[in-house]
Amino acid sequence: MTRDPNSHPRLAPGCRLNEKSQPQRVLLMPERALRLSGPSLEIIERCDGRHTVAQIIAELQKIYSKAQPQKVEEDILGYLALLQKERALDFE
Amino acid sequence: MSGMSNPPASNPLAFIAELTHRCPLHCVYCSNPLELDRRSRELSTATWSRVLREAAELGVLQVDFTGGEPLARPDLAELIRAARAAGLYASLITSGLPLDEKRLEELVRAGLDHLQLSFQGAREESANEFAGADAHAQKLRVAGWVKKHRIALTLNFVIHRQNLDQLEDMLELTKSIAPSRVEFAHVQYYGWAFANRERLLPTRRQLDRSLEILKAAEEQLRGQIRVEYVVPDYYAKYPKACMGGWGRKVMLITPAGEALPCHAARVIPGLKFENVESRPLRQIWEASDAFQKFRGEDWMQEPCRSCDRRAQDFGGCRCQALLVVGDSSATDPVCSLSPRRNVIDAILAETNAAPPLPPSAKIEWLYRSNPA
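Line by line, the protein sequences give chains P and W.
Heads up, the first sequence is in the working numbering, so the first residue is 1 and it goes up one at a time.
Heads up, the second sequence is in the working numbering, so the first residue is 1001 and it goes up one at a time.
Since the hints were made in silico from the structure, they are not lab data.
Bear in mind that the values here come from a model prediction, so they are computed numbers and not experimental data.
One or more of the hints may lead you astray.
[What the hints assert, rightly or not] Using 25 Å as the maximum straight-line C-alpha spacing, the simulated PhoX-like pairs for lysine-lysine come out as follows:
hint	chain 1	residue 1	chain 2	residue 2
1	W	Lys1249	P	Lys20
2	P	Lys85	W	Lys1272
3	P	Lys85	W	Lys1175
4	P	Lys85	W	Lys1102
5	W	Lys1362	P	Lys85
Bound-form chain W, shown alone:
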C-alpha cells in the first residue's frame, strides 16, 4: 500500500464525467487517450446516476459532462437531472454538432447550468481542417440558441501555432456572440496533441503577440465577458499546478468507469485504476493506489523536494514528466529549475528556428480516430 505517510485526502470539488469517447470531430489535439473506450463498455444510466450521488456526498460541487461528444449519449438529459437532484452544478462540454434547438431545450429543462462550446478557429475552412469535420457553421447556430436560455455560455477556443494568428478574429467572433465567458486554451501536449506537437507548438513571437492581444481584451471586456487564458506550458517559467495537485481537487471517470486523477494518467506505467462498477467512489478517492501515488510530497525528487514552490505547483504535471523525460516522478521538465529543462528548450529552439510554412502547404495531421 503506497502512501502510508501521505496526508489525508481533501475532498474533490470538480468531477469530470467522460460519458463516451465517441465524437463526430477528429481534433488533432484531442485530450482523450490514444486508446479509446469502446461503446459496448460505456457505463449505464443507473451507474452514472449512482456515481453522481456518491460524488456529491464526497463534497463535489460541480460536474462537467464531457467526452468525446457527450451528446452522443441519448440519456444525457436524464444524467443532468440526476446531477441536479444530487445538488451538483451541471456543465456540458460540447462540440455542439449533434445538437438541435429541441434537444437543447430538453437539457435546459433537465437543469443544465452551463454549456461550454468548443471552437477550432474563427474561420470556417481552418476550423474544419483542425476538427476533421464540417463544424463551424453549426457552432454559430448553437451559440445563438443557448443565448435564448438563462444558462451560462462559455466559448472555448483551442489555440496553437496554426490558428494563433486568427486571435483577433476569434475575439471579434466572441464579441458578436457575447457569451458570459471565453477561454483561450493553448493545446496541452498529451495524447493526440503530443503526436502532433511539432505542428502545434506556437513560436515565441506568436505567443508574445497573443498575450498582448488577450491582456487588452481582458481589460476591455471586464464586467461583460470573462476572458481566461494561460501561457502554454513549454513557454512557462514554472509548471502549472496540474489538476490543482494530484488527487486533491479533481476526479475523472472514463466512459468505461475507470477513476483517474487526470485525463492523461493512463500513460503512466504501473498505475492501476479502480473502476466505479466495483468500488464506492469514496474508497477509490481516499485509498486507491492511483490516487495516493502522487499525493503529498514523499514521492518528490529534487529540486521539488526542497523547493519553496512545492505547495504551489505540486511538482507540476506527472504525465508531462513521463512523456518528456520518461520518469513520472521527475520534476515537470517545463520548470526552469528542472535539471531536464534542456529537453524542452531544445524543442522550443527547433520550433522557433523552423521557417514558416508557405500558405499553400498541406500539413500531414494525425487525426483522432473513433472507438469501435
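Same shape as in the complex, but just chain P:
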C-alpha cells in the first residue's frame, strides 16, 4: 500500500492505548486488543494526528539507530498498513 509520507495517522474512534500504569500495554479496540511491545508501542504512541508518517519514520530510525534505516521504514509502513486494515487508524 502506498502511503503519503505527509499524512497524519491518528487512532480511529474507539481505539486507544490502555493506561501507562498497566504491566502489559495493549491497543484496545472494539471486541479485540493488540499486545504491544517495543517498536509497535513507539509507533502507536506517535499516531496522534500530529506526527506525519515521515516524522514517525525519522524518530524511530533515531531510536533504532543500529537497524538499517530502510528496514525500519519498511517495517513501519507495513505496521501502519496492518493497523489500517484492522480499522484502527485514520489518515488525516
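Fit chain W to the given chain P structure using the hints.
Leaving out everything else, chain W in the frame of chain P:
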C-alpha cells in the same frame, strides 16, 4: 471438587455484564435464557462497580454492557465511569430504542468507547416483525448521533432464513451509515432461537449466496469498514471454539449476579453457579465448579479426546451438545467427526426440502417475553 487435574485458569479477557433482562424488543432469537431474571433481583450500582474492579484485577481488558436493554438501567453512565476508572474498555450493546441525543452525550462523557447497535433487518416492516416492536427508524437516528462523537460504532445485523435475502440492502444501509465495523451474525440456536429454529435456519442456497456477497463486501470495504461474519454452526464442518473455550477467556454475569461461562450455560443440568454477591470474582473464576467443569480435556469423550483439533475448538459448544443430543459432555454435534452429526444433517435436510413460504404467509413466532 471437580477438575483437580484441570490446568490452572488463564485470565479472562472479556467480561459480559448483563445489566438487566428488561427490553423494549421481543426478538424471536434473543440469546437470553427462557427464564428471565426479575427486575427486583438486579444487582445494585455499588455491586456492579465492585465487580468491575475485580474483573480488571483478574486481567479483563474489556467489558460489554448488555442485557436485555442496558439503557433500561438509569445508572448506566455511572457504571461506564466505574469501568473506565478500573481501566476497562467499555462497550454498550444496545437496541438503541430508549436512547436520545442527550443521554448518549452523557454516556460518551462517562467514557463509553464503543457502541454496538443491533439491526433486525434492512427494511422497516420486516425488522419490526422480528423484533416485535417499532424500532427501525429510531436505530437510524441513533447511528447518526453516534457518528458525531469520537467513539467506535458497530452495526450488528442478526441474519437468518427470513431476512438473508435482504443482505445486499443491509450492506447498502451499512455503507450509508459508514460505521467502523459491521457484524453479520447468524442466529445461534439456543434459548428463544432454539424454540424458533425451523423458521430461522437458512437454506444451503441462501447461505452460499450470502457468503459470496459478504466476501466481496469485505474486500471492497477493507480499510474503511471492518466486515465480520461467520458460517452458521449447523452448516460448518467443525464446531466453533465456543467462547474461546469454556472458562478460558470470557465471563458473563447475569442481572441477578450469577457468574456463567456463557450466555446459555443455565440450560446444562447439574451446574451450580456462584453469585458475585457472595464470592469474590477471582475465586469464582479460578475455583467454582461451573467454571472448572469443562476446562482442560479430562471431561472430553471420543472423538474429541484424541482429536488433533481439540486444542483449537475445545470440543465445540457444551450447550449445543446438551440441546441437540442431550449430553453436555458429548462432541458438539455440528462437528463432521461427531457420531451424532446425523441429527444435524436431518434438521438441515428438512430445512432444505421445505418449500419456500409464499410472501403473504404469516409466521407464528414465539416472541421473547419480558421479566416481571
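Which numbered hints fail: Violated hints: 2, 4, 5; rest satisfied.
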